[in-house]
Amino acid sequence: MKRFSLVLAAAGLIGLSAAMPAAKAAEQLNPPRYGWSFAGMFGMYDRAQLQRGFQVYKEVCASCHSVSLLSFRNLSQPGGPEIPAAQVAQIAADWQHKVREIGDDGQPAERAPRASDRIPGPFANIKAAEAANGGKAPPDLTLMPKARSYERGFPWFIIDMFTLYQEHGADYVKAFLTGYEQGHETPPGTHYNKYFPGNFVGMPNMLQPDQVTYSDGTPQTVQQYAADVTAFLMWAAEPHMEQRKRIGFQVLLFLLVFAGLTYFTKKKVWKDVHA
Amino acid sequence: MQGHSHYVPKTGIGKWFDARLPLPRLVYDSFIAYPVPKNLNYFWTFGGILSVMLVAQIITGVVLAMHYTAHVDLAFNSIEKIMRDVNYGWMIRYLHANGASMFFVAVYVHMLRGLYYGSYKAPREILWILGVIIYLLMMATAFMGYVLPWGQMSLWGAVVITNLFSAIPVVGPTIVEFLWGGYSVDNPTLNRFFSLHYLLPFMIAGVVALHVWALHVTGQNNPTGVEVKDIKKDTVPFTPYATIKDAFGIICFFILFAWFAFFQPNYLGHAVNYVPGDPLVTPAHIVPEWYFLPFYAILRAITFDINLIVFVIPSKLGGVLAMFAAIAVLAFLPWLDTSKVKSTAYRPLHKQFFWAFVVVCVMLGWLGSKPAEYPYTVLSLIFTGLYFAYFLLVLPLLGLFETPKALPASIADAVLEQERKKGGAPVTAGANAAPQTKG
Ligand code: HEM
Chain A
1 MKRFSLVLAA
11 AGLIGLSAAM
21 PAAKAAEQLN
31 PPRYGWSFAG
41 MFGMYDRAQL
51 QRGFQVYKEV
61 CASCHSVSLL
71 SFRNLSQPGG
81 PEIPAAQVAQ
91 IAADWQHKVR
101 EIGDDGQPAE
111 RAPRASDRIP
121 GPFANIKAAE
131 AANGGKAPPD
141 LTLMPKARSY
151 ERGFPWFIID
161 MFTLYQEHGA
171 DYVKAFLTGY
181 EQGHETPPGT
191 HYNKYFPGNF
201 VGMPNMLQPD
211 QVTYSDGTPQ
221 TVQQYAADVT
231 AFLMWAAEPH
241 MEQRKRIGFQ
251 VLLFLLVFAG
261 LTYFTKKKVW
271 KDVHA
Chain B
1 MQGHSHYVPK
11 TGIGKWFDAR
21 LPLPRLVYDS
31 FIAYPVPKNL
41 NYFWTFGGIL
51 SVMLVAQIIT
61 GVVLAMHYTA
71 HVDLAFNSIE
81 KIMRDVNYGW
91 MIRYLHANGA
101 SMFFVAVYVH
111 MLRGLYYGSY
121 KAPREILWIL
131 GVIIYLLMMA
141 TAFMGYVLPW
151 GQMSLWGAVV
161 ITNLFSAIPV
171 VGPTIVEFLW
181 GGYSVDNPTL
191 NRFFSLHYLL
201 PFMIAGVVAL
211 HVWALHVTGQ
221 NNPTGVEVKD
231 IKKDTVPFTP
241 YATIKDAFGI
251 ICFFILFAWF
261 AFFQPNYLGH
271 AVNYVPGDPL
281 VTPAHIVPEW
291 YFLPFYAILR
301 AITFDINLIV
311 FVIPSKLGGV
321 LAMFAAIAVL
331 AFLPWLDTSK
341 VKSTAYRPLH
351 KQFFWAFVVV
361 CVMLGWLGSK
371 PAEYPYTVLS
381 LIFTGLYFAY
391 FLLVLPLLGL
401 FETPKALPAS
411 IADAVLEQER
421 KKGGAPVTAG
431 ANAAPQTKG
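Residue numbers (the numbering used here), protein chains in the order written: chain A, 1 to 275; chain B, 1 to 439.
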């Protein structure tokens, strides 16, 4: 049959497409999948993990990266790390960077942030960020896990639609943070990272075991730090995810019941038509 | 199919109104008494689904516009403000962004339904052409909407697509400057795109009204492709029959919509569009949204100059012409298809070519997502050829050579025949219209 041969040809071509990314994998590794608490239809953030992640961000990443879309007050908001408001006010007051503004005398001035302020970043502007990092400004991290992805290829991208795998970005960020390798030749000012596209990245390996002291007894390993800070960044990128999934579930339930009722009404209305 | 109106106003006010502005009569005739073929399948609910989606896009869009700022320095963060600080802003935005994709899912099913059942043939040519115009307007709307968040893909998508117009001889560069409002994609471009993105959906609504008007003049086609012969036997009134069936179709479609909007709202988008637009950094791959991919493949398939002896079409212009021709050819479908039989259910050969065409479109979509390099460019060229061959060779010739199956005498006959095959309850009341058995 003509149709069959065409379908076969199509299948062959799709097979070809599946083989292509495999050939490219040599230059860039796909990140491994990690068991995120926020994955899947019912997945929610792990509050303790978000709090630890914020601690890692504060103690390690904040010296280079901003999270400019977050305000301190967000940290106590439902669906996030839910740090008590009083504690958040203290975190803001003690923050390592100041709010930069124009003072009453018209001169640039600085003041300690309040809970209602956006979290101030380390650099006054992009030029300062570039100058301090060998010409490569550290990107803002607020949307990072949503702003990175990797190609899944056929047939995975179709299967993902049903299994709801969408943590590509989080998997990448975690893999990136733990993907540094020694002993490679790199251009000056760069470091070898097996997950970074092109492998030579301006950011040095920032995570060491026992670098951040957790108060809840969680193992102080590089893997754990990377997972925690990535979970925190995922929340920063998608702060209303828990509400979204909860409402989505109610919407689906309603629609399913409504569809059922409509279906049986339709059957009843149409019953006498064919006779 | 309109026939003459059977509307009888019941109240005094109703009579008074009817004599002055027969709006209730129009609604009654169009959505209550309007006769629909009784054998329509669920593919006929997609028109209703599309109408609901258009209204949903306009409602969510108007709310987004209340919070959105059309300025290159502010647009990206204004979207993020909607996502973070506006009450349920994330929901409005995800419904709007995924709604656009669902709109295209529905329109592609709707169009393929038309293609399969020959709904573009006489007397429905105008109805079909109005549909092609709606499709064009939808593409323009979605393209300009995608530019609004001003992420990397927004910006660079706008750069690539507006640059296409520069391929037009003589006036091209002027058109491009006019689109840009300057010498590059910049703030004036964003502003005019926002303005037009707000305008076009209402123009779509206007063309939809004409589309429905044309539909109500000719009546609906149906899975047999045999026109209605006897209103009493072949049709049922729109309400309650079509109303309840459409409602069921729409609710099922909403389940699909909710699955994306609430559980994987970024699946259909591009991660790099969460990076603010930067005119100095080109993204590694510039890819349009999924619903444009087949046309993007056709655009990039022409990688060589076409020498027509008298003049040469440069490759870029060739690609642009091919892409627009791929859409324009749809408008000529009523005259390209020479078969007298409408429904593909009775055209055994066309059935195969139809599914082959669907595969060609899927392959073009896949190729559109690949970088413009060997072997994808060659494959794109082959599949572009197959795409046009379907319209320009297969459809004109098939009508001349194909032997169609025998058609049922009427819609009522076809329905009875189907009931009998199902082996359901013995046909009782309708038995007087005994099915004619045909070879
Ligand atoms: C035919 C109907 C429509 C289609 C197909 C459509 C399509 C789109 C698309 C694809 C986007 C980009 C979404 C994103 O990535 O964020 C968008 C954004 C937007 N649209 Fe529409 N749209 C439609 C109607 C409208 C209407 C009627 C309005 C306003 C009156 C509107 C206002 C907006 C605004 C303000 C945005 C930017 C916000 C955003 O990016 O989420 N749209 N639209």
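Hints are computed from structural coordinates only; laboratory data are not their basis.
Errors might be hidden in some of the hints.
Listed next, the in silico BS3-like pairs over lysine-lysine satisfying Cα-Cα at most 25 Å (straight line) [claimed, not checked]: (1) K38/B with K271/A; (2) K267/A with K38/B; (3) K232/B with K266/A; (4) K316/B with K38/B; (5) K266/A with K370/B; (6) K233/B with K38/B; (7) K351/B with K98/A; (8) K340/B with K351/B; (9) K194/A with K370/B; (10) K81/B with K266/A; (11) K245/A with K81/B.
From a predicted model like this one, the values you see are computed outputs, not experimental measurements.
Tested hints:
1. K38/B with K271/A: Within the cut-off at roughly 12 Å; holds.
2. K267/A with K38/B: Within the cut-off at roughly 14 Å; holds.
3. K232/B with K266/A: 20 Å, holds
4. K316/B with K38/B: 50 Å, violated
5. K266/A with K370/B: 45 Å, violated
6. K233/B with K38/B: 9 Å, holds
7. K351/B with K98/A: Violated - the C-alpha atoms of K98/A and K351/B are around 69 Å apart, more than 25 Å.
8. K340/B with K351/B: 15 Å, holds
9. K194/A with K370/B: Since the Cα atoms of K194/A and K370/B sit roughly 24 Å apart, the hinted pair holds (cutoff 25 Å).
10. K81/B with K266/A: 43 Å, violated
11. K245/A with K81/B: 20 Å, holds
Going down the numbered hints, you'll see the structure goes against 4, 5, 7 and 10, while the others check out.
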